[in-house]
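Enquirer: Position chain A against the provided structure of chain P, taking the given hints into account.
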Amino acid sequence: MKIAIRKGRVVDPASKFDAPADVFIAAGKIVAIGQQPADWHSNREINADGCVVAPGLVDLAVHVKRGTLATELAAAAAGGVTSMVCSPDTDPVLDEPGLVDMLRLRAQSFHSTHLYPLGALTKALAGKHLAEISKLAQAGCVGFSQADRGVFDTQVLLHAMQYAATFDYAVWLQPEDLHLASGGVAHEGEVASRLGLTGIPSIAETIALATHLELARATGVRLHVCRVSAAESVAMLRAAKASGVRVTADVAVNHLHLIDLDMGHYDSNFRLSPPLRTSRDRDALRAGVIDGTIDAIVSDHTPRQDDAKQLPFAEAAPGATGLETLLSLTLRFAEAAKLPLATALSRITHNAADAARLPAGRIAVDAASDLCVFDPGAYRLVTKASLKSAGKNSPFLGYELPGVVRATVTAGHVAYDSQG
Amino acid sequence: MLSKKNLQLNDNGDLHHLLAIEGLPKRIIERILDTAESFVGINEREVKVVPLLRGKSIFNIFFENSTRTRTTFEIAAKRLSADVVSLDVARSSTNKGETILDTIANLTAMHADMFVVRHSESGAPYLIAQHAAPHVHVVNAGDGRHEHPTQGLLDMFTIRKYKKDFTRLTVAIVGDILHSRVARSQIHALTTLGVPEVRVIGPRTLLPADIERLGVRVFTSLEEGLKGVDVVTMLRLQNERMNGALLPSASEYFSRYGLTPQKLALAKPDAIVLHPGPMNRGVEIDSAVADGKQSVILPQVTYGIAVRMAVMAILAGSAR
Numbered sequence: 001m002k003i004a005i006r007k008g009r010v011v012d013p014a015s016k017f018d019a020p021a022d023v024f025i026a027a028g029k030i031v032a033i034g035q036q037p038a039d040w041h042s043n044r045e046i047n048a049d050g051c052v053v054a055p056g057l058v059d060l061a062v063h064v065k066r067g068t069l070a071t072e073l074a075a076a077a078a079g080g081v082t083s084m085v086c087s088p089d090t091d092p093v094l095d096e097p098g099l100v101d102m103l104r105l106r107a108q109s110f111h112s113t114h115l116y117p118l119g120a121l122t123k124a125l126a127g128k129h130l131a132e133i134s135k136l137a138q139a140g141c142v143g144f145s146q147a148d149r150g151v152f153d154t155q156v157l158l159h160a161m162q163y164a165a166t167f168d169y170a171v172w173l174q175p176e177d178l179h180l181a182s183g184g185v186a187h188e189g190e191v192a193s194r195l196g197l198t199g200i201p202s203i204a205e206t207i208a209l210a211t212h213l214e215l216a217r218a219t220g221v222r223l224h225v226c227r228v229s230a231a232e233s234v235a236m237l238r239a240a241k242a243s244g245v246r247v248t249a250d251v252a253v254n255h256l257h258l259i260d261l262d263m264g265h266y267d268s269n270f271r272l273s274p275p276l277r278t279s280r281d282r283d284a285l286r287a288g289v290i291d292g293t294i295d296a297i298v299s300d301h302t303p304r305q306d307d308a309k310q311l312p313f314a315e316a317a318p319g320a321t322g323l324e325t326l327l328s329l330t331l332r333f334a335e336a337a338k339l340p341l342a343t344a345l346s347r348i349t350h351n352a353a354d355a356a357r358l359p360a361g362r363i364a365v366d367a368a369s370d371l372c373v374f375d376p377g378a379y380r381l382v383t384k385a386s387l388k389s390a391g392k393n394s395p396f397l398g399y400e401l402p403g404v405v406r407a408t409v410t411a412g413h414v415a416y417d418s419q420g
Numbered sequence: 001m002l003s004k005k006n007l008q009l010n011d012n013g014d015l016h017h018l019l020a021i022e023g024l025p026k027r028i029i030e031r032i033l034d035t036a037e038s039f040v041g042i043n044e045r046e047v048k049v050v051p052l053l054r055g056k057s058i059f060n061i062f063f064e065n066s067t068r069t070r071t072t073f074e075i076a077a078k079r080l081s082a083d084v085v086s087l088d089v090a091r092s093s094t095n096k097g098e099t100i101l102d103t104i105a106n107l108t109a110m111h112a113d114m115f116v117v118r119h120s121e122s123g124a125p126y127l128i129a130q131h132a133a134p135h136v137h138v139v140n141a142g143d144g145r146h147e148h149p150t151q152g153l154l155d156m157f158t159i160r161k162y163k164k165d166f167t168r169l170t171v172a173i174v175g176d177i178l179h180s181r182v183a184r185s186q187i188h189a190l191t192t193l194g195v196p197e198v199r200v201i202g203p204r205t206l207l208p209a210d211i212e213r214l215g216v217r218v219f220t221s222l223e224e225g226l227k228g229v230d231v232v233t234m235l236r237l238q239n240e241r242m243n244g245a246l247l248p249s250a251s252e253y254f255s256r257y258g259l260t261p262q263k264l265a266l267a268k269p270d271a272i273v274l275h276p277g278p279m280n281r282g283v284e285i286d287s288a289v290a291d292g293k294q295s296v297i298l299p300q301v302t303y304g305i306a307v308r309m310a311v312m313a314i315l316a317g318s319a320r
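In order, the protein sequence lines correspond to chains P and A.
For the first sequence, this note's numbering assigns the number 1 to the initial residue and increments by one for each residue that follows.
For the second sequence, this note's numbering assigns the number 1 to the initial residue and increments by one for each residue that follows.
Keep in mind that a hint or two might mislead.
To be verified - Below 25 angstroms or equal to it, Euclidean Cα-Cα: the simulated SDA-like pairs (lysine to any residue) are:
no., chain 1, residue 1, chain 2, residue 2
1, A, K5, P, E400
2, A, K5, P, A147
3, P, K384, A, P134
4, A, K163, A, P134
5, A, K5, P, A308
6, A, K5, P, L381
7, A, K5, P, L397
8, A, K5, P, G398
What the hints assert, rightly or not - Which residues of chain A face chain P? A few of them, derived with a C-beta cut under 8 angstroms, are:
no., residue
9, V49
10, R145
11, I211
Rather than coming from a laboratory, the hints here were simulated on the basis of the structure.
Cβ atoms here follow ideal geometry from the backbone N, Cα and C, with glycine treated the same way.
Chain P extracted, bound-state conformation (with noise of 0.2 angstroms):
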């Protein structure tokens, strides 16, 4: 398969490259930028005049479950994300070798987003015993986490850390702690105190980060914090990353616009875990994704059918649809924060993917042609429709957003074209 994008302007964070160029690819990888190969004949062209030619988008929080593998990978592909780190709350959760393997081989038989597990950090992600993650890193686990549910001993997250640093093995923990947090739905505040919902403070999520702070600074331990939501929060990471601590970070996107007045009647489609928090809270993140203490920002994709959703505020499951709503998002965010397009993609390109380690992110020769074309100065509208997603719980329904993605390559093919 060889392709030939044209007319678009190629931009590549990592080398700062932006500059209108064709782009050519053959036997999935990139094999020249600007000047045609000698004797090239396309099998697709792609007409990406008016577009930005990026990097395929990095998304280091997907939410998969059985059965809607191929709808969320068409999802992802509509959204221009070729690669995705899934989280191990799958079901079964990814605390065996073989539930990684096959995971990875049926996201592998529809050539589309290269699905990148974590695995779980303790067996069943219960947070008592290890799971064999030796083992389960062979298998293609780039990482080890507990999902949304923590631990709830101290010691077992020490060994755990331990562990995983002999190994040089990453572990990407949500900080939350989970008495703090218990039974709370939305950012204890005012809109909270309000609305009569059980809050979750802000110190839920200091105190855990504290602790995997200081556990990783203890341990060596290759730390990934994800989806940070509070303040306070963007503070510690900047100066644990000052004072050396191997530690990245990661929030969702939804957190850098939305704020917890946004819920308005208690409306379930803002029930996010962790949950929004103020305007304080938005305008620390956004520093902190600027300044480059949060390394990448993530969709924290999970769909969820409308059953889950049609519930008082607090009976709704939480989480938001969002692989069809990065690049949007984050383009808005850009333009909110009048940050350089290049500096917003690198944050959904290669500092996502160097943050997880993956061989993503980068347009260069011989580099994997994983690529997104997209057309930043239209607009699409979020409806129900319009998703792929078999979830369409997002809280930007109704919303106008910018950047419309064309086309996605992944790996040598065209994963998603507009044009059908």
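Expert: Frame of chain P; chain A shown alone:
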């Protein structure tokens, strides 16, 4: 971000659902109180029925049990000549979602005109209002720890009866503010009606985060908070609050926050005492106060019927 429509009002600014006091304009609260005034007389007559809602079907849907509140809504509906059916919906633990919206769909198919909803989760009446047919009115009869608007309104009616002018009052709400839907409805009603000082009094474990943003003064000492007040609302302390670490014991709570005649003496001599019921005598309130001259707890119950009649009559009269 997108604007959030006020679900309670129709396009003409009239009341379509009663979901919360928060967001209700003062004119609507006053209209409900004035209408209730006209129903008080009916309730004192030999024949306590008017034909205002003849032919209308009202469903009391109680996802959480409450005999008292359900009964007062039933009486109010019957005195307006409505057909009223009360349902205690047993909550299925496996399929809660289907229960709530399916229940609503089924009852709508029976040509319901109004749903009176009690639910243990905050916001459940909003979900129902969002999914109800356009002609159906929803009344929140208490949702989680959010609001209990008819209780708040009957408390305002009672206060107005005894104190006339809201703009000269100091009102104290005492106890478990954190878990209290009555407290939230009262706070919004009082501040909307122009009460210059609303106080909340309780230990820090029972005060919601940032509660002062609702326009109240926070006191942790009952003695300090009661000084010079015109109205005291005592909140019920649920027994299960003793199970966790919020409070050490009922008796320690009573020693700090229980309303005794001695503590009530710190308020103005003509201060009145309200309680939404049911009372825990000896936990939040001394019997000498509950049964004393300053107590208006039984009038509250009486007025509750007139206020609920007023709400139903106004809703049924406001076609969209």
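Enquirer: Against this structure, judge whether each hint is valid.
Expert: Right, here's what the structure says about each hint:
1. Our distance criterion of 25 angstroms between C-alpha atoms is met by K5 (chain A) and E400 (chain P), whose separation comes to about 19 angstroms.
2. A C-alpha spacing of about 36 angstroms is found between K5 (chain A) and A147 (chain P), which places the hinted pair above 25 angstroms, so the restraint is violated.
3. Restraint check for K384 (chain P) and P134 (chain A): satisfied, since their Cα atoms lie roughly 23 angstroms apart, inside the 25 angstroms limit.
4. Distance check on the hinted pair: K163 (chain A) and P134 (chain A) sit about 39 angstroms apart at the alpha-carbon level, beyond 25 angstroms; violated.
5. The suggested pairing of K5 (chain A) with A308 (chain P) holds, with an alpha-carbon distance near 24 angstroms, which does not exceed 25 angstroms.
6. Restraint check for K5 (chain A) and L381 (chain P): satisfied, since their Cα atoms lie roughly 20 angstroms apart, inside the 25 angstroms limit.
7. This hinted pair checks out: K5 (chain A) and L397 (chain P) have alpha carbons roughly 15 angstroms apart, not beyond 25 angstroms.
8. A distance of roughly 14 angstroms separates the Cα atoms of K5 (chain A) and G398 (chain P); the hinted pair therefore holds under the 25 angstroms criterion.
9. Evaluation of the V49 (chain A) hint against chain P yields a violated restraint, the C-beta minimum of about 35 angstroms exceeding 8 angstroms.
10. For R145 (chain A), the interface hint holds, since its Cβ comes within 8 angstroms of a Cβ in chain P; the closest pair sits about 4 angstroms apart.
11. Hint on I211 (chain A) holds. Least Cβ distance to chain P is approximately 6 angstroms, under the 8 angstroms limit.
Taken one by one, the earlier hints fail for this structure at numbers 2, 4 and 9, listed in ascending order.
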